[in-house]
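Spelled out from the first residue to the last, the chains are:
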Amino acid sequence: MSFTLLIVQTLNGLQFGVLLFLIAAGLTLVFGVMDFINLAHGVQYMLGAYLAVMFYALTGNFLIALVAALGAALLLGLLLEFTVFRHLYDRDHLEQVIATFGIILFLNQGVKVVWGAAPLSLPIPDMFAGTVVLSPGILYPVWRLMIIGSGLAVALILYLLVTRTRVGMLVRAGATHANIVSALGVDIRRLFMIVFGFGTMLAAFAGVMIAPILSVEPGMGDSVLILAFVVIVIGGIGSMRGAFIAALLIGLVDTLGRSFAIDILRLVMPPSPARTVGPAIASMLIYVLMALVLYFRPAGLFPAKGR
Amino acid sequence: MAEPVLRIENLRKNFGGLVVTDGVSLDINEGELHAVIGPNGAGKTTLINQISGTLEPSDGRIYLNGTDITALPPDKRAHLGLARSFQITSVLPRFSALENVALAVQARAGSSYQFMGRADKETALNDAAMAALTEVALDKRADLLAAHLSHGEKRALELAIALAMQPKLLLLDEPMAGTGPEESERLIGVLQKLKGRFAMMLVEHDMNAVFALADRISVLTYGRILASGKPAEVRADPAVMTAYLGEELE
Amino acid sequence: MNKLLSSVAAVALLGTACTAQAQEKLKIGVVTTLSGPAAVLGQQLRNGLQLAIKDNGGKLGGREVELFVQDDELKPDVAVSKAKALIDRDKVDFVVGPIFSNILVAIMKPVTEGGAFLISPNAGTSNFAGKECNPNFFVTSYQNDQNHEVMGKYAQDAGMKKVFIMAPNYPAGKDSLAGFKRFFKGEVADEVYVPLNQLDYSAELSKIAASGSEAVFVFLPGGMGVNFVKQFRQAGLADKMKFLSAFTVDESTLPAQKEAALGFFGGANWAPDLDNAQNKKFVEGYQKEYNGAIPATYAFQSYDAGLLIDGALKAVGGKTDNKDALRAALEKAPFTSLRGNFKFGANHYPIQDFYQVKVVQVGDKFATSIDKKVFTDYTDPHAKDCKMK
Amino acid sequence: MNFVRRTEALPIAIFLVLALAPVAASFGAETYLLNLFTRVMIYGIAALALDFLCGYGGLVSFGHAAFVGIGAYTAAIFGAHGVSEIAITLPVALIVSALFAYLTGTVCLRTKSVYFIMITLAFGQMIYFVAGSLSPYGGDDGLTLKLRSTLFGFPILQNDRALYYAVLLFLLGSYLLLRAVVASRFGRVFRGSKENPTRMATIGFHVFSYQRVAYVIAGCLGGLSGFLLANATEFVSPSYMSWQRSGELIIMVLFGGIGTLHGAIVGAAAFLLLEDMLGGITENWKLIFGPMLVLIVLFARGGLLGLATSIKERLSRG
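Protein chains in written order, with the numbering used here: chain A, 1 to 307; chain B, 1 to 250; chain C, 1 to 389; chain D, 1 to 318.
Each hint should be verified, as a subset may be incorrect.
[Said to hold, decoys possible] Derived pair list, reagent style SDA-like, types lysine to any residue, alpha-carbon separation capped at 25 Å:
(1) C/K258 to A/P125
(2) D/K194 to B/R94
(3) C/K91 to D/V83
(4) D/K194 to B/H79
(5) D/K194 to B/N126
(6) C/K288 to A/W115
(7) C/K109 to D/G280
(8) C/K240 to A/A129
(9) C/K387 to D/R212
(10) C/K131 to D/V83
(11) C/K242 to A/L134
(12) C/K240 to A/I124
(13) C/K181 to A/A129
(14) C/K161 to A/D263
(15) C/K365 to A/R266
(16) C/K161 to A/S272
(17) C/K109 to D/R314
(18) C/K27 to D/S26
(19) B/K121 to D/A180
(20) B/K76 to D/F208
(21) C/K174 to A/A129
(22) C/K258 to A/N61
(23) C/K174 to A/R266
(24) C/K131 to D/H81
(25) C/K174 to D/L134
(26) C/K258 to A/M146
(27) C/K131 to D/L134
(28) D/K112 to A/L292
(29) C/K185 to A/S272
(30) D/K112 to A/P298
(31) D/K194 to B/L144
(32) C/K109 to D/H81
(33) D/K112 to D/F208
(34) C/K54 to D/G280
(35) C/K358 to A/G130
(36) D/K112 to A/D35
(37) B/K76 to D/G280
Just so you know, these hints were derived from the structure itself, not from any lab.
Work out the full structure, taking the sequences as your base and the hints as a guide.
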C-alpha cells in the first residue's frame, strides 16, 4: 500500500464521485424543487450514453456526438415530462416510484430492442487518449482527469447559476419553501420544465462522459441510480452542496474501501478469508455510511429547512 | 399556597442568533385560566411547544405539579396530565370524530399493546369518548370523519380530545383562530363551562374571549413577559397599552 | 377478481392447448438469460440451437421441433419456476441451458427429477462433474475450471515468473483462479476478487500497475470484461504486460472491446477459425442469419447440443419414451462436433482439446483465433469423483 | 374506519378461488399451476406484511425483501446441516427476522418519508452482500435444499399439493392476523401515527415504540414468506433479497390497492401471473409491463381494486 497507490486511488475515487455528482445533482434538484421522485433518472443517463454512441457512429466526431446526444436526450426527457411525469407531480411518492419504475422497465428493454443486447462502446477522443505520468511507473488516463475536470466545472457553473441568477434563486427557494415560489406568481410549470430539462441534460452528460470508460449496455443506469439516491439522501434532499460533498464522500469511500479493505483485513485475519470477506465489506461500506449518517442526522448532512 | 400546576422558570429558546423565548417565568395555579397574549411573532406558540414537549428549550426549567418535565418527551408529559390543542388544527382526518377522542381515552385506559379484539367495539372507550364529545356539543357528529367536519367543529374536536385526556393542565393555542363570530361564542361558552375543572393556559388573539375567560393575563412581546396580572390590571398597564393593546383596541 | 379468474383460465387453456397440439413434435425447452446485460450471451445460446435446427431442415432426430424459450432473468428462483413450467406444462423431453452456473445449480433438480434430459451448452460446475454427477445431465461445453487451466498451463509453459490474477467474488470466480493456479507454479502477485458486476476497475488497475507483474490473468465475463479490457488499455498497461483471460475476450464482447482487445489471449475449446468444413459452414451460416454477428463459444456449444440431440434420437429411432436407451445413445455422442474431437467422459462432461486463442481483426470485425493447442483429449479434474448410477 | 364496513365478499372470494385452484389445476398442467400459485401466495404473505407497514402505518420499506431472504436462508442453512424440522426451523426463522427487524427498526424509524425508504434500502443491501459472501452456503450462486421441511419427522410438504395447502393456511392465518391487528387497540394507534404522529405523541403515545413493534410484526411475516419460498423452490440465493425484489413487493402492494390487505394478495397474483403470461408471449414483455405500471398509476388510483370500484360506480351511475 504505497503512497503513490493511495494518490491514484484517491483520484479514482474523485472521478467516481464527480460522476455521481453529475447524476445526483439533477436528481436532488428535481426531488427538492418539484417533490418528485424520478427513478427514471438513471435511464436518462443510459440514454445519454446510447445516443452518444449512435451520433458518434454517424458523425465520427466526439464533440458533435456529445452535443447532439445532449440535445436528443433533452428532447426525449421533455417528451417524457410532457406525456407522463407532468401528471405525477401532485401524486404521492409511492405512485411516482411505481410509474417511473415502469418507465425504467420500458426504456431498458427499449434500448435493447433498438440497439441490441450486446454492450457497445464509445472511443476516447484522440486528443484525450493516453496517459499522463504521475510519478515514475504510475500512469493515469487523461480521460479520467477530463471527467474530474469537467465535473468540477459543472459543479462551479451550477453554483454560480444557483446563487447568481433569478432562476437559481427560485430553484433555491423552491427546494426549501415550495409554496412560497408559487405564491410569488412564478409560472411553476415552466420552472419545473426548466429544472427537469436541466437535470436530464446533466444525467445525459454523465452518460456521455463515462461511455468511453464503461460499456454501454441496457440497465447501466440502474446501479448508478441507487448510488445517486444514496448520495442525495446523505447530502440532504434538495441541497446541491450536500449532493456535491456526499458524492465525493461516496466516491472516495467506495473506491478506497474496495482497494484497501482486503489489505486492512489481512492485518487481523488470514489472507484467504480476508479475500472473501473483504469485497463483501467493501460493497457494504457506502450503505453502512448512509445508515450511520441518517442515524445521527435523520435528514442528511445538509437538511433543507422547511421540509 | 399549594404547588402551582405549571411552573416555568427562566425559560429560554433561541434559533441560532434569534432569541424567541427570553427568560420567561410563569406560574399557573389549580383551576386557574391564564391567558397569554401578545403580538404576532411574540413567541407564544414557541412557548406552548416547549411546554408540551414538541420543542426543546435552550435553557430554563418546566415543572408540572412539582415534577420537572423539561427533558420528558411529549407522550410522557401527556401521561402526567398535560393536554394541548394546536394553532393549526391537528386531528386525525381519516378517523371519525368518535375515534379521534376514543384514541385519547385509550391512551390512559390500559395498555395499547393489545393486538386482538376490535378497538372500535370497546364500549368503555366509546362511552368516555362520547361523553367528551357531548361536552363540546359534537355528539351528533360523532360518526363523521374528522376531515368532513367544519373548521369550528374541528376546533371543538380538539377540545374534546383534550378533555378525554382528563388533563391537569390544558394548553390552548388560539382555539378561536379562523372561526366565525357565532362559533367563537359557542367555544367561549364551552370553555366557560370547563373553567375551574383544571388549569388552562390560553393563547388567543380574540380579546373578547380573553377578557371574558381569563383569571390572569400575561403579555408577551419579543419573547419576554411585559406584564402579568388580573385582566383589569393588565388593561390599565400603560406599557401594555402602548406596546400592544393600544393599537389593537382602536 | 374476474381478472384473476380469467388468468387462471388462460393459464389452464394455454396448458391444455399445448398438450393437445402437435403430438408428433419433439419438444425442447430452452432456459437462457434474455434480459439484463448478460442477454447477449443468452441470445447466442438460443441462436445456436435455432441454427442447428434450421440446418437440419427444422427437424432433430427426424422429428419436427417445437422450441419453448424461457428467459431465466438471471434469477435462480425465476429459473426454477420456468423450468418447472417447461417440464410440467409444456412436457418437454429436453431442456437446453443455461448460461450461468448459479442457474444450472437451481434448475438441475426440477429438470432431471421431472424426467427430462438437461443439456448444458455452457455452464459446467465442478459439483455435477464430480460427486453429484447426474445420469440425465450432459454438458457440451467444458468443465468450468478447464479454460482457466489452459491459461495456467500456458503461463507455466511460457516460463512466466509473476502473474496478477483476478475474478469476481462468486463461486465460479474462485473455481477459476483455483484452476489457473493448478497449473501455474510461479509467483501470484496478488489474487483479487471484485464484486460481481463491478463496472469501474480503476482501483484494481492501479494495483496491477504497481505490482510489477509480467502478465495479468482475469476471468471477467460479459460486460465486466468489456469495461476491464477498455480500462486496461486506457491505463497503458497493454504495452507493459500480457493479458491472459477466460470468458473475457470472445465474440460476444469483442464488438464492444474492438481494438482495445487486440492481441489479448484467452483459453478456449474452439474459435471461429477452427479449421474444418462443418465449422466454416456454421460460422458463415450464423453470420448470415444474425446480422453479421460472429458466433462465440456459447453459440457453437449450443449448436453442438442440437447436433447431440439429433444424433442420439436418430440412434433410437426418434423415440423419447425409453429414457435408458436414449441415455445410452447420448453417452456415445453420435455426432460430429464443430470442434472436431469430442467424446463424453463417464461424468457426461466432454473430453476434448483446448487451445490458447488470440484476438485478431477480421475485416472490420474482431474475433478470436486459434494460437496454440494447449491440451489434447483433456478430461476434467473432477471426473474421478463421479460414481455415475 | 372504512375497512370495517368494506364488504367481505372480495376477500372470501379470493380465498375460495385459492382453495379451489388445485382442483381446477388438476385438469391442466397441475404441478406447474400449483407451483405458480404457491409462489403467488408466498409473495402474497410478504406483500400483506408490506401493505400493513405502508398502507396502515405510512412506513414505505424498500428493504422488505431482506426479511424474505432471512427466512429463506434460515431454512436453507439448517437444511444444509441436515435439520429440516419445521418445529425447529420455522421458529428460528421468525426469531431471526424479528431480531433483524427490531435492530434495524430502531435505527430506521428515527427517519421519515424518503429517508426511511432509503435507510431500509441500505439495510437490505447490507444483508444482501452478507448473503453473497456466505461461501460455505453457495455465496452468490445460492444453495439447493436437499429436501423440504418436515414436521415431527414426516415429510408433509414433499407433495406439491400438500405444500400448496400449507402455504394457503399460512396466507389465511397471516391475513386474519393482520386484520385483527389493524382493528385492535394497537392497530388504531399504528394507523393514527400514520395520520398525525405529533398529535399521537401529545395525547400520550410513544409513536416510535408502536411503529417498531409493527415493523417487527411485518418482518416476521416477511421471514415466514421466505421460509416458505425456500421450501417451494427448494433453492435460495442472495437475489431473493436484492433491492429489485423489494421494489417488486412495493409494486405488488400498489398494484392491488394499498391499505386494504386483500389488495396485496390480488397485487401479488396480478404481478406474478402477468409476468408469467407476458413472458410467454414475448421476450420483450417488459415493453408491455412498464407502460402498464404507468397507466395503472395514472388512471387507476387505488390499484386494481380501486379500478374495479370506480368501474362499478360508473356502471351503476350510468
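Within a Cα-Cα threshold of 25 Å, do C/K258 and A/M146 meet the stated pairing?
-> Holds: C/K258 and A/M146 sit about 23 Å apart, inside 25 Å.
Below or equal to 25 Å on CA atoms is what counts here, so check D/K194 against B/L144.
-> Between D/K194 and B/L144 the Cα gap is close to 19 Å, so the pair holds against 25 Å.
C/K258 and A/N61: Cα distance at most 25 Å?
-> holds (18 Å)
Does the alpha-carbon distance linking C/K109 and D/G280 stay inside the 25 Å limit?
-> Between C/K109 and D/G280 the Cα gap is close to 23 Å, so the pair holds against 25 Å.
For the pair we were handed, D/K112 and D/F208, check the Cα-Cα distance against 25 Å.
-> Distance ~11 Å between D/K112 and D/F208 Cα, so the pair holds.
Quick one, are C/K161 and A/S272 close enough, alpha carbons at most 25 Å?
-> Between C/K161 and A/S272 the Cα gap is close to 22 Å, so the pair holds against 25 Å.
When you check the alpha-carbon spacing of D/K112 and A/P298, does it fall within 25 Å?
-> Status holds; Cα separation ~8 Å.
Is the hinted pair C/K242 and A/L134 satisfied, with a Cα-Cα distance of at most 25 Å?
-> Cα-Cα ~23 Å, so holds.
For the pair we were handed, C/K27 and D/S26, check the Cα-Cα distance against 25 Å.
-> holds (22 Å)
Starting from C/K258, check that the Cα of A/P125 is at most 25 Å away, please.
-> holds (15 Å)
Could you grab the alpha-carbon distance between C/K181 and A/A129 and see if it respects the 25 Å cut-off?
-> Violated - the C-alpha atoms of A/A129 and C/K181 are around 35 Å apart, more than 25 Å.
Between D/K112 and A/L292, does the CA-CA distance stay at or below 25 Å?
-> Holds: D/K112 and A/L292 sit about 15 Å apart, inside 25 Å.
Checked against the numbered hints given earlier, the structure breaks hints 3, 9, 13, 15, 17, 21, 37 and satisfies all the rest.
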